[in-house]
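Enquirer: Hey, can you work out the whole structure from these sequences and the hints?
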Amino acid sequence: MEPAATIAAVVAVLNASQLIIHLSLRQMQISQARRLRHRGEGLKSESSTDLSESTGPSAEDITVAMGHVDAVERRFWARETSTEWWDRIVLQVWDESQWLRNFRMQKGTFLELCELLSPALKRNDTWMRAALTVQKRVAIALWKLATPDSYRSVANRFGVGKSTVGVVVMQVAKAIVDVLLSKVVTLGNVEAIIDGFAAMGFPNCGGAIDGTHIPILALDHQASQYINRKGYFSMVLQALVDHRGRFTNIYVGWPGKVHDARIFRNSGLFRRLQQSIYFPDHKIPVGDVEILIVILGDPAYPLMPWLMKPYTGALDSEKEL
Numbered sequence: 082m083e084p085a086a087t088i089a090a091v092v093a094v095l096n097a098s099q100l101i102i103h104l105s106l107r108q109m110q111i112s113q114a115r116r117l118r119h120r121g122e123g124l125k126s127e128s129s130t131d132l133s134e135s136t137g138p139s140a141e142d143i144t145v146a147m148g149h150v151d152a153v154e155r156r157f158w159a160r161e162t163s164t165e166w167w168d169r170i171v172l173q174v175w176d177e178s179q180w181l182r183n184f185r186m187q188k189g190t191f192l193e194l195c196e197l198l199s200p201a202l203k204r205n206d207t208w209m210r211a212a213l214t215v216q217k218r219v220a221i222a223l224w225k226l227a228t229p230d231s232y233r234s235v236a237n238r239f240g241v242g243k244s245t246v247g248v249v250v251m252q253v254a255k256a257i258v259d260v261l262l263s264k265v266v267t268l269g270n271v272e273a274i275i276d277g278f279a280a281m282g283f284p285n286c287g288g289a290i291d292g293t294h295i296p297i298l299a300l301d302h303q304a305s306q307y308i309n310r311k312g313y314f315s316m317v318l319q320a321l322v323d324h325r326g327r328f329t330n331i332y333v334g335w336p337g338k339v340h341d342a343r344i345f346r347n348s349g350l351f352r353r354l355q356q357s358i359y360f361p362d363h364k365i366p367v368g369d370v371e372i373l374i375v376i377l378g379d380p381a382y383p384l385m386p387w388l389m390k391p392y393t394g395a396l397d398s399e400k401e402l
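When you read off a place in the sequence shown, starting at 1, and then add 81, the result is the number in this note's numbering.
Read the hints as simulated data drawn from the structure, not as lab findings.
Heads up, a few of these hints could be off.
[To be verified] Think about it this way: if two alpha-carbon atoms lie no more than 27 Å apart in a straight line, the pair counts; the simulated DSS-like pairs of lysine-lysine are:
(1) 338 / 311
(2) 364 / 400
(3) 390 / 400
(4) 255 / 188
(5) 264 / 188
(6) 255 / 203
(7) 264 / 203
(8) 390 / 364
(9) 188 / 243
(10) 188 / 203
(11) 390 / 338
(12) 390 / 311
(13) 243 / 203
[Unchecked claim] Pairwise CB distance ranges, derived in the manner of DEER restraints:
(14) 178 / 353: 37 to 43 Å
(15) 261 / 340: 29 to 35 Å
(16) 370 / 346: 20 to 26 Å
(17) 353 / 205: 38 to 44 Å
(18) 385 / 163: 53 to 59 Å
(19) 400 / 234: 53 to 59 Å
(20) 263 / 188: 21 to 27 Å
(21) 113 / 163: 49 to 55 Å
(22) 166 / 386: 52 to 58 Å
(23) 276 / 353: 21 to 27 Å
None of the values given here were measured: they were computed from a predicted structure.
For every residue, glycine included, the Cβ atom is placed at its ideal position computed from N, Cα and C.
Expert: So this is what it looks like as structure tokens:
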């Protein structure tokens, strides 16, 4: 190595060493100041170092001086996104038909839902960013549930990250279950339900039951159990509805391959109907027989004293009537 190159290399090492030593001394001073603070002793102005305004090099300065990194301006880690579509178009311009078509509810219902879920969904701002509003959280979840859009598409619409959409959907779903499920999905006024079904032609009826398949992605294990008779992966939602089609009881989570009758026999609704504790004791005479309040099901369900299903098989005109 040339003498000049050797001298330059030695000088560089010495400079870096001096910086490291300076930093080590500074760290020792900080540690000493902490120990003195803990002992209740004040630092004298002549011998102490003002740690808040120290002129010593930072760790970043040392790394740059040693040639490991280039000095660059620090940038905030979150990317800038646009919320114009939500703030200025949806909230201020959309009419009721657009709300109903895209969110499956009118704006007034949406605002009421936000108010009910606010205690469970409201978050505080942090020094890094402002928290999403309750309205925006609910809107993100409803849009994802009501449309076939991907998480990336929803994220771009609302000006948030893709992972944020996933978290928000789960938070809103949990809030709905915790706050609203027990208040909204209830039996309600049994007399009104019976009168409603009677007006449609069936006496002493407390509801109609059926199952619906909720599409899901294929699972890594036991995937075949989730393929339903229509050929796609699903979970089953069993629902009892009143005369207006409103849910009064739900039972969800069974694989799509399982038959409706098996799901029904394993539900809490079946047990309560079997024990005659779901509906009030309200019998009416039909001919010479007193019948309980019944629910209506399709041929997949079992015939029970409290569950009526259509006749199956070949019927002559008299039996059909």
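Enquirer: Run every hint past the structure and note whether it holds.
Expert: So, going through the hints one by one against the coordinates:
A threshold of 27 Å between alpha carbons decides the hint, and for residue 338 with residue 311 the separation of about 10 Å falls inside it, so the pair holds. Proximity of residue 364 to residue 400 is assessed by CA-CA distance (about 25 Å); at most 27 Å being required, the pair is judged to hold. Taking the CA atoms of residue 390 and residue 400, the gap is about 15 Å. The hint holds against a cut of 27 Å. As the CA atoms of residue 255 and residue 188 are separated by approximately 22 Å, the hinted pair is consistent with the 27 Å bound.
Restraint check: the Cα-Cα separation between residue 264 and residue 188 comes to about 21 Å, which is no more than 27 Å; the hinted pair holds. Simply put, residue 255 and residue 203 have alpha-carbon atoms about 13 Å apart, close enough for the 27 Å limit, and the pair holds. Between residue 264 and residue 203 the CA atoms are separated by roughly 20 Å; this keeps the pair inside 27 Å, and the hint holds. A distance of roughly 19 Å separates the Cα atoms of residue 390 and residue 364; the hinted pair therefore holds under the 27 Å criterion.
At roughly 25 Å between alpha-carbon atoms, residue 188 and residue 243 fall within 27 Å of each other, so this suggested pair holds. Restraint check for residue 188 and residue 203: satisfied, since their Cα atoms lie roughly 20 Å apart, inside the 27 Å limit. A threshold of 27 Å between alpha carbons decides the hint, and for residue 390 with residue 338 the separation of about 22 Å falls inside it, so the pair holds. This hinted pair checks out: residue 390 and residue 311 have alpha carbons roughly 23 Å apart, not beyond 27 Å.
Of the supplied pair hints, the one linking residue 243 and residue 203 holds, its CA atoms being roughly 20 Å apart against a limit of 27 Å. As the Cβ distance of residue 178 to residue 353 is approximately 41 Å, the hint placing it in 37 to 43 Å holds. Taking 29 to 35 Å as the suggested C-beta distance range, the pair residue 261 and residue 340 conforms, at roughly 30 Å. Look at residue 370 against residue 346: about 25 Å separates their beta carbons, and that is inside 20 to 26 Å.
A hinted range of 38 to 44 Å holds for the C-beta pair residue 353 and residue 205, which are about 42 Å apart. Under the hint 53 to 59 Å, the C-beta atoms of residue 385 and residue 163, about 57 Å apart, fit the expected range. Under the hint 53 to 59 Å, the C-beta atoms of residue 400 and residue 234, about 55 Å apart, fit the expected range. The given range of 21 to 27 Å is respected by residue 263 and residue 188, whose C-beta atoms sit roughly 26 Å from each other.
With their beta carbons about 51 Å apart, residue 113 and residue 163 fall inside the hinted range of 49 to 55 Å. A hinted range of 52 to 58 Å holds for the C-beta pair residue 166 and residue 386, which are about 56 Å apart. A C-beta distance of roughly 22 Å is found between residue 276 and residue 353, which places it inside the suggested range of 21 to 27 Å.
When held up to the earlier numbered hints, the structure conflicts with none and fits them all.
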